[in-house]
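**Student:** Required output: the full structure, derived from the provided sequences and hints.
Number of protein chains: 2
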Amino acid sequence: MKRIALVLLVALSASANDIREYRKQNEARILAELTEFLAIPNVASDEANIRRNAQHLLAMLERHGVAARLLESPSGGPPAVFGELRTPGATKTIAFYAHYDGQPVDPSEWKTDPWKPVVIDGRIYARSASDDKGPIVAMMAALDALRASKRSPSVNLKFFFEGEEEAGSEHLGALLGKHKETLAADGWIFCDGPRHQSGAMQVVFGVRGTVGVTLTATGPSRALHSGHYGNWAPNPIAILINALASMRDAEGNVKIAGFHDDVRAVTAAERAAANALPDNEEELRRSFAIAKPECGGQAILPVPEKGDRQDCLSSTLPSRLLAPSVNFTGIRGGTIGVNAIPAEASASIDFRLVPDQKPERIRAIVEEHLRKHGFTNVKLAWADGYAAARTPLDLPFSRSVLRIVEKTTGAKPLVVPTFGGSLPLYLFEQTLHTPFVIVPVVNSDNNQHAANENLRLQNLWEAIEIYAGLFSEL
Amino acid sequence: MKRIALVLLVALSASANDIREYRKQNEARILAELTEFLAIPNVASDEANIRRNAQHLLAMLERHGVAARLLESPSGGPPAVFGELRTPGATKTIAFYAHYDGQPVDPSEWKTDPWKPVVIDGRIYARSASDDKGPIVAMMAALDALRASKRSPSVNLKFFFEGEEEAGSEHLGALLGKHKETLAADGWIFCDGPRHQSGAMQVVFGVRGTVGVTLTATGPSRALHSGHYGNWAPNPIAILINALASMRDAEGNVKIAGFHDDVRAVTAAERAAANALPDNEEELRRSFAIAKPECGGQAILPVPEKGDRQDCLSSTLPSRLLAPSVNFTGIRGGTIGVNAIPAEASASIDFRLVPDQKPERIRAIVEEHLRKHGFTNVKLAWADGYAAARTPLDLPFSRSVLRIVEKTTGAKPLVVPTFGGSLPLYLFEQTLHTPFVIVPVVNSDNNQHAANENLRLQNLWEAIEIYAGLFSEL
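One line per chain: the protein sequences are A and B, in this order.
Residues 142 to 615 in this note's numbering are what the first sequence spells out, letter by letter.
Residues 142 to 615 in this note's numbering are what the second sequence spells out, letter by letter.
Because the hints were derived from the structure by calculation, they are not lab data.
Relax, there's no trap hidden among the hints.
Same chains, same names: a pair is fine if it fits in one copy or spans any two.
Below, simulated DSS-like cross-link-like pairs (lysine-lysine); rule was C-alpha separation at most 27 Å, straight line: (1) 433 / 520; (2) 396 / 433; (3) 513 / 433; (4) 233 / 319; (5) 499 / 319; (6) 396 / 520.
**Tutor:** In structure tokens form, the structure reads like this:
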């Protein structure tokens with residue numbers, strides 16, 4: 142162990158020392174650049190300010206030697222900011238994604254003004270400090286640091302900064318389709334999301350898909366006395382809950398025929414990676430006050446395998462996220478304790494999908510399930526969904542990213558086969574036919590999407606070294 | 142048919158003509174007495190006014206020749222007003238029940254002042270006009286009319302007017318227990334509730350019992366992102382709906398082992414009476430926009446009998462009310478369309494019981510059912526309930542009441558084996574060991590419990606003839 146650490150330290154000093162030195166001498170300038178960027182309000186619906194952000198970012202890219210222009214979507218919405226830096230002789234192109242828009246703010250919940258960045262106790266506080274303006278500024282600093290140390294990128298670099306990620310990326314699909322050639326690359330690196338709660342780096346190779354539906358069962362046209370009519374009038378709560386219960390049991394096992402049909406098999410490497418992630422089950426359970434389930438409880442296994450259902454040890458959170466799931470998220474009908482049969486009852490389901498499940502096929506499968514079980518009078522309102530995406534762990538691109546992150550940080554990153562949450566990365570995978578990985582650099586306690594968003598400056602400094610490594614060693 | 146009607150008409154004219162004549166000559170006086178009574182606000186929680194009502198009623202009874210006094214409950218609450226009129230030589234005692242308190246009012250919803258009675262288009266509008274001050278005044282007028290025509294009651298009469306029926310009769314059990322001897326009778330007649338929607342008289346021989354429970358399933362201590370934790374954290378909506386679905390299916394069939402164990406067999410007479418009630422299924426379905434279920438749908442049969450489940454013709458509303466039922470009345474958890482696993486979810490069940498189901502045994506059976514099905518983490522909060530009550534149709538008392546109502550009105554009344562709703566009549570049955578029947582006299586469109594409560598004057602006049610018949614011919 143000691144020996145390996147020493148070897149890494151030597152490798153680190155050879156390639157990263159000059160980057161670190163550059164950063165140390167330029168911290169004030171880098172922070173000033175971030176501060177100026179953060180001061181421009183960036184809620185996606187605030188069109189004027191979003192355009193100001195885009196122009197600011199365009200100038201920033203040019204200032205750091207990157208040829209830049211705006212990419213508009215044919216369907217409208219905020220522009221994406223695109224930059225390109227060609228490397229003479231390079232045969233590969235790697236694209237870096239981040240978004241420059243931020244979540245809406247409720248200033249009354251903030252301790253400081255969300256658009257007046259301020260450094261307190263080694264963190265800078267402002268909307269988008271971590272999500273994602275900090276990472277964008279770190280990329281620019283990494284380019285400067287490489288140049289200052291007389292090093293060149295090893296590949297052609299492309300930068301793609303989206304302007305409506307926090308608003309649902311409504312126009313992204315059309316934008317990617319239109320600018321397919323411009324955005325062609327051999328790999329995409331997503332600079333979004335937080336590092337692991339332990340502070341360790343994590344490299345993430347997938348996200349789940351998602352599709353949502355609201356079910357509504359109807360009873361009598363108005364609420365009826367449950368004594369006078371309860372045996373006779375159809376009860377919408379009873380219809381609804383029986384429809385829901387036909388789809389998954391209390392432990393989470395999915396009972397919809399065909400739901401798992403398209404599930405891509407989890408590879409041995411993915412399973413091993415999931416099992417190798419830090420075991421914080423006990424800590425999570427304590428923090429959420431959740432009892433440890435009895436063996437077999439709460440187990441939906443990635444790929445139905447005989448015997449697995451009884452294997453509590455393999456049903457940790459990371460391994461479960463490799464599987465699709467049926468989540469009941471809301472239910473509402475009648476009034477608790479009021480003796481009436483209500484006129485209707487509704488519930489929402491959030492289906493989380495894995496590769497290669499398709500939202501439109503899940504929709505058809507669910508509708509067929511309800512028809513087959515006689516719930517023809519339950520109305521369904523589907524929300525638009527999108528597919529999952531997952532990059533194989535053993536691609537050369539995947540291995541290179543892991544190697545470089547390890548080298549620049551001096552520690553093996555956690556290998557996360559998939560996030561449980563959803564991002565529309567399938568758009569990149571399916572439109573651009575390019576593998577992707579997610580390399581989060583910011584602190585996990587950054588209050589992303591909430592009040593008092595912040596970025597730990599030490600994370601900003603380390604990000605510069607990681608990006609410099611990715612730019613120059615891929 | 143014609144012959145029978147003629148015979149009835151003759152009988153009617155012999156005994157009821159003088160009652161009707163008396164009424165016709167005294168309408169203004171009777172109406173004045175009702176108006177004065179209705180002008181005293183009578184919400185059970187309005188202690189001062191409830192006492193004013195009781196004193197007013199005491200004086201009214203005395204004025205009409207009935208020895209009267211207040212009966213207090215040892216546990217507190219409004220007093221009951223008790224009156225007694227002995228008949229020399231009579232061997233039987235019949236008690237008449239009504240309540241003098243009324244539902245709370247929201248004056249903004251009333252077209253006229255609820256405490257300023259006014260006659261419009263042949264109806265008197267005021268709170269309690271129908272429920273039950275009108276019937277009380279009709280009883281007093283019936284006593285006067287008998288006296289004016291030189292006739293005596295055929296039995297000893299007792300009057301029991303409750304002061305907190307609309308507030309849940311909380312102190313009634315203790316009051317009946319304390320005044321058991323005072324209230325001893327050979328039969329009770331309840332002068333509460335409306336006539337059938339068709340306008341026909343109905344005599345009702347039972348009410349269902351009721352017991353309610355609220356179930357709460359808990360998940361994580363705070364709402365968790367359904368993407369990141371949905372496969373892993375227990376989902377309280379899933380636990381709750383699976384617990385509920387284990388108890389009854391979408392069609393209303395009860396799946397709780399032992400639930401029907403204590404159900405008293407429905408007699409052939411009760412079943413025949415239920416089947417003989419007017420068939421207004423189509424009209425009700427149209428009015429509530431309910432589709433006719435397929436054969437077998439929504440069928441919970443009174444007594445499990447082979448083959449009955451497929452017999453749509455026998456599953457009319459009245460026949461279904463002879464059975465107990467499990468009604469889901471409210472459900473709530475999470476937020477529709479928000480992708481989170483909520484911290485908890487709750488639902489309420491209204492169990493309607495038939496003789497001889499006991500609320501405390503239903504409670505034990507439900508708890509055992511949930512335990513057996515593994516829902517040990519669902520918390521239950523039971524409300525106090527009470528048992529059903531039903532008087533056999535073939536008791537001499539039952540037959541006499543039916544005969545007298547037919548004779549005084551000139552038409553066979555509808556024989557209703559039980560109401561679907563619940564009243565604590567078991568308290569009378571169990572404490573006083575006396576059979577009861579309900580003889581509603583007021584119009585069914587009286588807006589009972591709602592704004593613009595009213596009593597059709599023609600119903601008031603007919604009530605006087607019916608009560609005179611019951612007083613003098615039982």
